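Residue numbers (my numbering), protein chains in the order written: chain V, 1 to 139; chain C, 140 to 362; chain P, 363 to 669.
Since the hints were made in silico from the structure, they are not lab data. Among the hints, erroneous ones may be present.
As the list claims (entries may be wrong) - Capping the alpha-carbon separation at 16 angstroms, the derived lysine to aspartate or glutamate pairs in EDC-like fashion look like this: (1) Lys435/P / Asp212/C; (2) Lys573/P / Asp389/P; (3) Lys98/V / Glu642/P; (4) Lys467/P / Glu513/P; (5) Lys98/V / Asp627/P; (6) Lys498/P / Asp212/C.
Claimed, not checked - Sample of chain V residues facing chain P (criterion: CB under 10 angstroms; computed from the structure): (7) Arg9; (8) Arg88; (9) Gln105.
The structure displayed is predicted, hence computed values, not measured ones. We put the CB at the ideal spot given by N, CA and C, even for glycine.
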Amino acid sequence: MWFRVEPGRGVPIYVQLMEQIRRAVASGVLAPGEQLPSVRELALQLSINPNTVSRAYQELEHEGIIYTLRGRGTFVAAPSHTLTDRERLRRLNEAVEKLFVEAYQLRCTPAEVLAAVKKKVAGMGGKDTQKEEIEHDDE
Amino acid sequence: MISRPLLRWEIRRLRWWYYGVLLFWLGNFIFTLCLIVPGQPVPVHWEHVDFLWFGMFWAIFWGGGLFVGKFRDGTMEFLLARPVSRREVYHSIVLAGGIPIVFLVILPSLFALTLPPWKTSHLFPGLLALNLLESVWLIAVFLLSACVYLFTGNSNRRYARFIEASFIGAAVAVLIELQKTNLPQLIQAHPLASLLLSLTAGCLFYGLGRWRFERMDIRTNSG
Amino acid sequence: MTMSEPAVLTRGLTKIFGGQPAVDGLDLEVPRGSVFALLGPNGAGKTTTIKLLLNLLQPTDGEIRVLGQDAVKDSVAVRRRVGYQAETQRFYPRVRVEELFCLCKSLYPRWNTERVTRYCRIFELPPHARVGELSKGKLTLLALVLAVGPEPELLLLDEPATGLDPLRRRQVLQLLVEEMAGGDRTIIISSHQLQDVERIADRVGFLLRGKLILSRPLEQLLGEEKKVRVLFPGSPPADLPGWPGVRRVAREGSHLLISLSGHLDEVLGRLNRYEGVAFEVLDQTLEDIFVEYAAGEEVNREAGEND
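All chains, please: the whole structure from these sequences, using the hints.
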C-alpha cells in the first residue's frame, strides 16, 4: 500500500495514518470489505512502531470505519447507518467549528472559506438540487 | 568463578606469546639434542640457567599491561556488558596472562627433563623446586602490577599517572638492585620462607586487585 | 515471569563523578514491551544511565531493577537478558567478526545464528573482516547485530545511528520494528535522530543535567506541547505567565510567543475574550520540543509524570 507518514510534522504518526486511511475510504480508493495490511506488515513497511499502527487501527475501529476479524485480518467497513442523524450532524458541526477556528487564525475572509468549501462539496457527488442551492448562496 | 569460554578466548588473544614460549622450549630442545654426543658432558649447564629476571620484567609489564590495553580500546566495556561476572573476567585475564610467565621460568627444569636422564637426573628435583618457588614470586609480582594499575590506571586524577610511573620506576630499580644479590640462591637457601612470603604477597595482591576490579567504574579512556 | 513488572525501574538513582552528579535522583520507569526514547543534550547523563543499568558503573545511591531483577546484585543474570549497543564501538581491533559471534554464542544462553547471518548480509558485514578494518558505520551495525543476536528481552541502544547513511538508518529502523513485532521486547533508545525516534518511540523521557524532567507518551507530548503566537492590541495581561499550562512567554518583535504544556483549549478560550487579539497555534515537532527543553527551562511539574 501507498501510505506515507512524516515524522517531524508536529502531528502524531497514528493521527497521520488515521487521516490517510479515512481519506482513502472516503474517496473510494479503499472499498468496503477490502483488507488492510496487518499491523506487523504496515509497521515494517513504514518503519514505525507496531503499537502506533495498532492504535490507529483501534481508533478507526472505534469510529466504525474498519473492523477486525480475529485470525483473518483487518477490513474496511461498509458505510454504517448506526449513527443517528443528530449524532451525524453533531460530528459535522464539530468539524465545521474546527474549520472556522483555523480560518479565523489564518484571517480568511468569509468568501475564501465559502469558496474552499464549495470546491470540496462539488466533488462529493451529492444531489443536484443541493448543488444548486449552494450556488445560489453566493452573495 | 571461571568462565571456560572466556578463558579460552583470553588465551587465544595471547596465543602468539604462548607459541613464542613453546617455540623457545622446542628450539632449545632440538638445539641441545643436536649437540649431545653420548659419553660427553652436557653442553648447557641447567643449574645456572635462570629466567627469573626476564620473567620479572615480563610480569611487571603484563600485570598492568593486560588490563590497560583492554580499558583503553573499549574491550573491557565490551566484555563486561556480556553475561560474565567481573570475577570471571579478572580470573581469565590473570590466568591467561600468568601461564606463559610461569611456563617461561619453569623452562630450565623442562629442558633438564627433556634431556637423557642419565645426564641430568641429579639436577632435576632441585631445579624444579627452585623454578616453582620462583614462579610463585613472579605471580605475586604480576598480581601486584595488575593491582597498581587497577587502582591508578583507570582514574583521571592527576596523581594517578604519577603513581603509575613511580611504580614502574621503583620496580625496575628494585629489580636492578636485587640482580646484584643472587636471588635464586637466596630462594634455594630459604625455601619455606620464600614460599610463605611469596604466597602471602600473591594472595594479598590477588585479593586487592579483585576487590577493586569488582567495584570500579568501567569507563573507556581515550588515551 | 511477572508481566506487570516494568522493564526498568529506578528509584532515586544517583551517580556522582568527582563531586558532580551525572545522574541525580532518577526515577525512571519503562513499561515492558514499549519503546522508550531517552533524549537529552550531550552530557545530560543518558549514557551514564544506560551503563548503570548494566552495572558497568556502580550507583552512588538509589536502586535499579531491570526485568524484575536487581541490576547490581544479579547483574550477570540481567545481562543474559539484555542486549547493549554502546556509543563508542572500539574494541578488539585485530579480532574477526565471526570470532566475536563465536564468543557471544558461547557466553549467552540463546543466540539466533540465522538472524545474525541475515543481518550481516543486509548490512554487508563480511564475517572474515577484522574489527579494526571496519568503517565507523559498519562498527555501529556490528554492535547492533551483537546486541540483538542473543534475542534479548531488553535492548539498550546508545546512539544507534552513529555514522550511518540514510539507507542504513532505515534498515536499522526496520530491524528494530522486526524486533518489536517479535514479542514482549522492550527497547530503550538514546538518540539524536529525532525523526527516527518519532517513528518508533512509544514514550519519551527527557534528561537534563542528570534529572528526568519529563516522561510522557510520545503522542501526549506532541499533543500537549504547543506554541501560540499572539498579538495583543493593547498590553498583554499581566497574569499571562500564570495561566494554566503556560511554561514560558517570550517576545518576538511585536508578538508574544507562549510555550504551552497542555491546556491549549483553555488558553485559546481566554485569549478569545480579548478584543482584536490575533493568534496562531504552532505545532511543535519533537525537535522543537527538544530545543525548548534543552535550553534549560525546567517544567513546573513533577518530574516523571505518567500518563
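Now for the hints, and whether the structure bears them out:
1. Restraint check for Lys435/P and Asp212/C: not satisfied, since their Cα atoms lie roughly 27 angstroms apart, outside the 16 angstroms limit.
2. Straight-line distance between C-alpha atoms of Lys573/P and Asp389/P comes to about 9 angstroms, which keeps the hinted pair within the 16 angstroms bound.
3. Pair hint Lys98/V plus Glu642/P holds up; C-alpha atoms about 14 angstroms apart against a cutoff of 16 angstroms.
4. Among the hinted pairs, Lys467/P with Glu513/P is consistent with the structure: their alpha-carbon atoms are about 11 angstroms apart, no more than 16 angstroms.
5. Restraint check for Lys98/V and Asp627/P: satisfied, since their Cα atoms lie roughly 12 angstroms apart, inside the 16 angstroms limit.
6. At roughly 15 angstroms between alpha-carbon atoms, Lys498/P and Asp212/C fall within 16 angstroms of each other, so this suggested pair holds.
7. At about 7 angstroms, the closest approach between the beta carbon of Arg9/V and any beta carbon in chain P falls short of 10 angstroms, and the interface hint on this residue holds.
8. Checking Arg88/V against chain P by beta carbon gives a least distance of about 24 angstroms; that is not within 10 angstroms, so the hint is violated.
9. Nearest Cβ of chain P to the Cβ of Gln105/V: about 5 angstroms, under the 10 angstroms cut. The hint holds.
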